[in-house]
Amino acid sequence: MILHEIKDLLEAEVLIGEDQLDMEVKTAFMADLMSDVLAFATAGSLLITGLTNPQVLRTADVIDIAAIIMGRGKRLSPEMTQLAEMMNIPVLTTKYILFEVAGRLYSKGIRGCIEKVGSK
Amino acid sequence: MDEKPLYEGCLTVAGGNFDNAGEVSASIKTILKKMGLPSDVVRKAALVTYESEINIVSYARRGMIRLHVVPGSIMIEAIDEGPGIPDIELAMQPGYSTASPRIREMGFGAGMGLCNIKSFSDMFKISSEVGRGTYLKMIIKTNRDPLNS
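From first to last, the protein sequence lines are chains A and B.
Note that numbering that gives the first Met the number 0 has the first sequence beginning at 0, numbered continuously upward.
Note that numbering that gives the first Met the number 0 has the second sequence beginning at 0, numbered continuously upward.
Isolated chain A, as found in the complex (with noise of 0.2 Å):
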């Protein structure tokens, strides 16, 4: 899916990256932990979270996340919004509840970036 198909899909406002919504992607990761964050999700997926803290940025950043998807209508704070500029990495916001985010990417063709976790 294209990010703009997403953002119009999920009723998202982006927040940070309206000039690269027409980036493809095509996997998904969704956590709240971090650590499983960085275990799980596979460079260039989505990854879709409640957390709202400046980790959550830093998180993507380091496992080349493409853009992260910020679910229950939370958003970033000044310092976040900075940090997320300087990192150049599309924030989105929408008011559905994770559940109903996965739900619809999934819908929509977006795949787990893992479909589940094993020994590696």
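Calculated directly from the structure, the hints in this document are not laboratory data.
Some clues are possibly wrong.
[What the hints assert, rightly or not] Not everything, but these chain B residues come out facing chain A in the computed CB check (under 10 Å): (1) Phe-17; (2) Glu-22; (3) Lys-28; (4) Arg-42; (5) Leu-89; (6) Glu-104; (7) Met-105; (8) Gly-106.
[What the hints assert, rightly or not] Heads up, simulated BS3-like pairs for lysine-lysine below, C-alpha to C-alpha not over 30 Å straight-line: (9) Lys-136/B <-> Lys-3/B; (10) Lys-140/B <-> Lys-32/B; (11) Lys-25/A <-> Lys-140/B; (12) Lys-124/B <-> Lys-140/B; (13) Lys-3/B <-> Lys-32/B; (14) Lys-117/B <-> Lys-115/A; (15) Lys-25/A <-> Lys-32/B; (16) Lys-25/A <-> Lys-117/B; (17) Lys-25/A <-> Lys-107/A; (18) Lys-115/A <-> Lys-140/B; (19) Lys-25/A <-> Lys-73/A; (20) Lys-33/B <-> Lys-136/B; (21) Lys-3/B <-> Lys-124/B; (22) Lys-33/B <-> Lys-25/A; (23) Lys-124/B <-> Lys-115/A.
[Unchecked claim] Covered by chain B, according to a simulated footprint, are these stretches of chain A (three or more residues, beta-carbon under 8 Å): (24) 29-40; (25) 52-66.
It should be emphasised that the depicted structure is a prediction, and the values quoted were computed from it without experimental measurement.
Ideal Cβ placement from N, Cα and C applies to all residues, glycine included.
We have chain A; now place chain B onto it with these hints.
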């Protein structure tokens, strides 16, 4: 590690400073990227550095992260002055944590940090002295071994 390093550097990490946690890993990632290393290698190195940095910020008074790049591998050392780890075997168990609520609010402290560091490193060593600090050494191979890829 006898070869002449391609890069050598050391960055300090302040304990307790959650606002800047991740800055050192971001710098290291930038350095490695500029060196033209493969993106999956850079990602792994940034990941283990970031978890180490979060540990220093979360538990230690201060620490430093050393980066040493030679042809074929990246060595990262995380050295801190802090409380140390009384039982390393226990600390290495997935899910074991002594994290404060502040650390958990940040999305960490679920007892996954050291496990992640170990699983993303090609070589991992840990030693600690209670009351003094903790030392982590991580090696990421940069040229793929066809037998293990």
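Each hint tested on the structure:
1. A least Cβ separation of about 8 Å between Phe-17/B and chain A falls short of the 10 Å threshold, and the interface hint therefore holds.
2. The criterion of a C-beta within 10 Å of any C-beta in chain A is met by Glu-22/B, whose closest approach is roughly 8 Å, and the hint holds.
3. Because the smallest distance between the Cβ of Lys-28/B and any Cβ of chain A comes to about 7 Å, under 10 Å, the interface hint for this residue holds.
4. A cut of 10 Å between beta carbons decides the hint on Arg-42/B: the least distance to chain A is about 6 Å, and the hint holds.
5. Hint on Leu-89/B is violated. Least Cβ distance to chain A is approximately 17 Å, over the 10 Å limit.
6. The beta carbon of Glu-104/B comes within 7 Å of a beta carbon in chain A, closer than 10 Å, and the hint placing it at the interface holds.
7. This hint holds: Met-105/B has a C-beta 5 Å from the nearest C-beta of chain A, less than the 10 Å allowed.
8. Hint status for Gly-106/B: holds, given a least beta-carbon distance of 3 Å to chain A, under 10 Å.
9. The suggested pairing of Lys-136/B with Lys-3/B holds, with an alpha-carbon distance near 19 Å, which does not exceed 30 Å.
10. Of the pairs offered as hints, the one joining Lys-140/B and Lys-32/B holds, with about 15 Å between alpha carbons and a cut-off of 30 Å not exceeded.
11. Between Lys-25/A and Lys-140/B the alpha-carbon distance is near 29 Å, which keeps this suggested pair within the 30 Å criterion.
12. Note on Lys-124/B and Lys-140/B: the hinted pairing holds, with a Cα-Cα distance of about 15 Å set against a maximum of 30 Å.
13. For the suggested pair Lys-3/B and Lys-32/B, the alpha carbons sit about 19 Å apart, so the restraint of at most 30 Å is met.
14. For the suggested pair Lys-117/B and Lys-115/A, the alpha carbons sit about 20 Å apart, so the restraint of at most 30 Å is met.
15. With a C-alpha separation of about 24 Å, the suggested pair Lys-25/A and Lys-32/B falls inside the 30 Å cut-off, and the hint holds.
16. With a CA separation close to 29 Å, the supplied pair Lys-25/A and Lys-117/B stays within the 30 Å bound.
17. Pair hint Lys-25/A plus Lys-107/A holds up; C-alpha atoms about 10 Å apart against a cutoff of 30 Å.
18. With a C-alpha separation of about 26 Å, the suggested pair Lys-115/A and Lys-140/B falls inside the 30 Å cut-off, and the hint holds.
19. Taking the CA atoms of Lys-25/A and Lys-73/A, the gap is near 23 Å; set against the 30 Å cutoff, the hint holds.
20. For a cut-off of 30 Å, the pair hint linking Lys-33/B to Lys-136/B stands: about 23 Å separates their Cα positions.
21. A threshold of 30 Å between alpha carbons decides the hint, and for Lys-3/B with Lys-124/B the separation of about 22 Å falls inside it, so the pair holds.
22. Proximity of Lys-33/B to Lys-25/A is assessed by CA-CA distance (about 27 Å); at most 30 Å being required, the pair is judged to hold.
23. Distance restraint check for Lys-124/B and Lys-115/A: the Cα-Cα separation of roughly 28 Å lies within the 30 Å cut-off, and the hinted pair is therefore satisfied.
24. Only when three residues or more bring their CB closer than 8 Å to a CB of chain B does the claim for the segment 29-40 of chain A stand; here the count is 8, and the claim holds.
25. Under the rule that three or more residues need a Cβ within less than 8 Å of chain B, the assignment of the segment 52-66 of chain A holds, with 10 such residues.
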